[in-house]
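Asks: Given the coordinates of chain A, assemble chain B onto it according to the supplied hints.
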Amino acid sequence: MIARQGSLRDFFARLADTLSDLLARLADTVRVIGAPLFSGLRETLREIFDESAYARFLTRHQLETSPQSYAEFLRESETTRSRRPRCC
Amino acid sequence: MSKPARAFVWLAVAAAGALSIATIAIRRGEEINAMWLVVAAVCSYALGYRFYSKFIAARVLALDALRATPAERLENGRDFVRTNKWVVFGHHFAAIAGPGPLVGPVLAAQFGYLPGTLWILTGAVFAGCVQDFVILLFSVRRDGKSLTEMAKDEIGRLGGFIAYIAVISIIVILLGVCALIVVNALKASPWGTFTIAMTIPIALLMGVYLRRIRPGKVLESSILGFLLVLLAIWGGQWASQTPSVGQYFTLTAPTLAILIIIYGFAASALPVWLLLAPRDYLSTFVKLGTIGMLALGIIALRPTLHMPALTRFIDGSGPVFAGNLFPFAFVTIACGAISGFHSLIASGTTPKLISRETETRMVGYGAMACESMVAIMAVIAACVLQPGTYFAINSPAGIVGQAPEAAAATISNWGFGVTAADMQTLAHAVGEQTLFNRTGGAPAFAVGMAHIFSHSIGGQALMAIWYHFAIMFEALFILTVLDAGTRVGRFMVQDALGHVWKPLGRTSWYPSILANSALIVAAWGYFLWQGVKDPLGGINSLWPLFGISNQLLATVALCVATTIIIKLGRARFAPVTLLPLAWLVAVTFSASYYKIFDPNPRIGFLAHARLLATGATASAPATARLIFNDRLDAAVTGILILLIAMILIESAAEWVRVLAGRKQAVVRESPFVNTRFAAEEQI
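These protein sequences, in sequence, are chains A and B. Under numbering that gives the first Met the number 0, the residue at position 20 of the first sequence is numbered 19, and the numbers go up by one with no gaps. Under numbering that gives the first Met the number 0, the residue at position 307 of the second sequence is numbered 306, and the numbers go up by one with no gaps.
Isolated chain A (complex conformation):
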């Protein structure tokens, strides 16, 4: 009986090890695949929403972000943006 209990405990210990190993691998896979996917998605959204354009504007003019800088960015990009067609 004691021997059976011991083997059961061993079984659950091994199962727990296997599961935690599996979870760790899964987390690694998610990190390996998910991190670039997430950063790619974030960069795409930043480009679509002109956040990247604003960052480039700040770098180009060596400015810090501020209401004045953003107002200047909007003024600079207004003509370009106004001429950008939107599809039907």
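The set of hints was computed from the structure by calculation and includes no laboratory data. Glycine included, C-beta positions come from ideal geometry on N, C-alpha and C. Wrong hints could be hidden among the right ones.
[Claimed, not checked] Here are the in silico distance ranges between beta carbons for each label pair:
hint: 1; chain 1: A; residue 1: Ser6; chain 2: B; residue 2: Ala13; range: 52 to 58 angstroms
hint: 2; chain 1: A; residue 1: Leu22; chain 2: B; residue 2: Val8; range: 26 to 32 angstroms
hint: 3; chain 1: A; residue 1: Ala70; chain 2: B; residue 2: Trp500; range: 29 to 35 angstroms
hint: 4; chain 1: B; residue 1: Ala14; chain 2: A; residue 2: Ser65; range: 57 to 63 angstroms
hint: 5; chain 1: B; residue 1: Glu74; chain 2: A; residue 2: Gln67; range: 24 to 30 angstroms
hint: 6; chain 1: A; residue 1: Glu77; chain 2: B; residue 2: Leu658; range: 45 to 51 angstroms
[As the list claims (entries may be wrong)] Stretch-level coverage of chain A by chain B, calculated; a stretch enters the list once three of its residues show a Cβ under 8 angstroms from a Cβ in chain B:
hint: 7; stretch: 41-49
hint: 8; stretch: 56-70
Replies: For chain B alone, coordinates are given in the frame of chain A:
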């Protein structure tokens, strides 16, 4: 993966695609699952991308990864920026995905699900994706030049002029039709009108957040705006159920039309950037999110299509719009299959962001394939409705009658059972007073989308919320197209008039801004007003006109592409663009001929004018106006078709001159420069 394994995978994809298309095409008299359409579409696009676009890239265009793109040579951190290909892909997709691929397939569903689906799949793989791809590449090789400039350089001054006229025509007609769709979706709908009205203070709040609190944090402000819009949708329910509030938001079609015309003028002429920019961002955010949600909803629910494969209306007697399957199905669905408007985007911002020539394949061909998938989702959203419900929503009062009982009886007589009580129950479920005669495609799409969403999340209890979410989504981004389009149109007119008198071209001179804004708004406002007053619902006349003008622009783009391919000495590959061009010419010429000369007054503008002129009310001022509108529409269609003929003749003459050796083939590409990044990118 080994070569035999790859071959096996692609054979399996081809077999799955063939089986799905066969199922869609052959099944008659029984309902099919929407997943057949999804599998057929995914397999078609995958095969088209893997094999056809690769052939075009390698043999027709000879993409060169060693050639520096304008984003590299002219990099200025502003317009020309080397950008990751996935980022450009997303950017390009966000710009090309508008209301067209949602509305066109919904309207064409009156023929059944089969014609629209087949045209979307074949049109996209062999025409639309090809057009976007080649125009993007040719623009990249010309420092990001626009379609109009390329037409002028490669075909001649007349080509450039026609491209310019085509762009202006399509903008004006598109804006008129878009505005009409919003009017038809919001008329007598306090809930929808309240929600859309609330987006104005929400956008102002987003503007303040963007400029004062967290400068430049557009994503944050868009998420905030989105949450507030959801709150506005919920508030709309309260407004519609509170008579003292609801009365201010229960508007007639003419009132809404006037408000939208004022909005369009203000958006173009006044310095309201604080309002427009946040709305623009919010609309893109909602658009991308909703398209993603709809895709997930369809895959999760796997709904059954209740619409038959083909309906009796392929004979041209359809209530949504009149006209035979050929050519009208092919001008009604433009954006999901081939859209000339895309060539403006492919020769606008996108070519200035491309890092390597080889990426044009993924961005140009791939993004259009995704847009086409959106059109397939719209077909599904329309066809999951019971056919009787679909026709009750989309048929104008002039065809089925004003009274619900009469309309239901007419539609049931066509063989699509529906009762006034069923429609009342549905209207009640989505929080509307009535769903009869809600032409334009948007309400039918919203009901279909609400049906899919409510079966996935929240059940019937959330049906009304989902419906108004869909209406808000469509109206919001149509209004964005409207204000962006009015500004683009105003700039184009200013550029042209600047050649006549310099001050008119100055974009900062206020009298010029006001005059040109008024000109553009008056042009599309006229079409909108005509649509609002049309007893047949407006869409019957205006959507085909929009389709024709859109395909005219695609004709210009394909003429430019064919000319360049021939000049490059690759005439044997010219059929890649020449065959879609021939198809479009056949479609646009036939559609234009029918729209002008068909003796059926529901199809031919002139026949309709004659019918009115010989009627009992011929001398009434309202009738005279309708007659004038018909003649004007006929004239516009005639001018468009004349332009197609002219650019075709001009292009064909250029091809003959080059092929016969009478003219040296000179393409106006930028000189070849080796990319600096060849080594580091291991090309």
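Asks: State for each hint whether it applies.
Replies: How the hints compare with the structure:
In this structure the hint that Ser6/A and Ala13/B lie 52 to 58 angstroms apart at CB holds, the actual value being about 53 angstroms. At roughly 31 angstroms, the beta carbons of Leu22/A and Val8/B sit within the given window of 26 to 32 angstroms. About 33 angstroms separates the C-beta atoms of Ala70/A and Trp500/B, a value consistent with the hinted range of 29 to 35 angstroms. Remark: the range hint 57 to 63 angstroms for Ala14/B to Ser65/A is upheld by a beta-carbon distance near 60 angstroms.
Distance hint check for Glu74/B and Gln67/A: the Cβ-Cβ separation is about 26 angstroms, which falls inside the suggested range of 24 to 30 angstroms. Roughly 46 angstroms separates the CB atoms of Glu77/A and Leu658/B, a value that falls within the hinted 45 to 51 angstroms. Taking a C-beta to C-beta cut-off of 8 angstroms, the stretch 41-49 of chain A contributes 8 residues in contact with chain B, enough for the three needed, and the coverage statement holds. With 9 residues having a beta carbon nearer than 8 angstroms to a beta carbon of chain B, the stretch 56-70 of chain A meets the requirement of three or more and the stated coverage holds.
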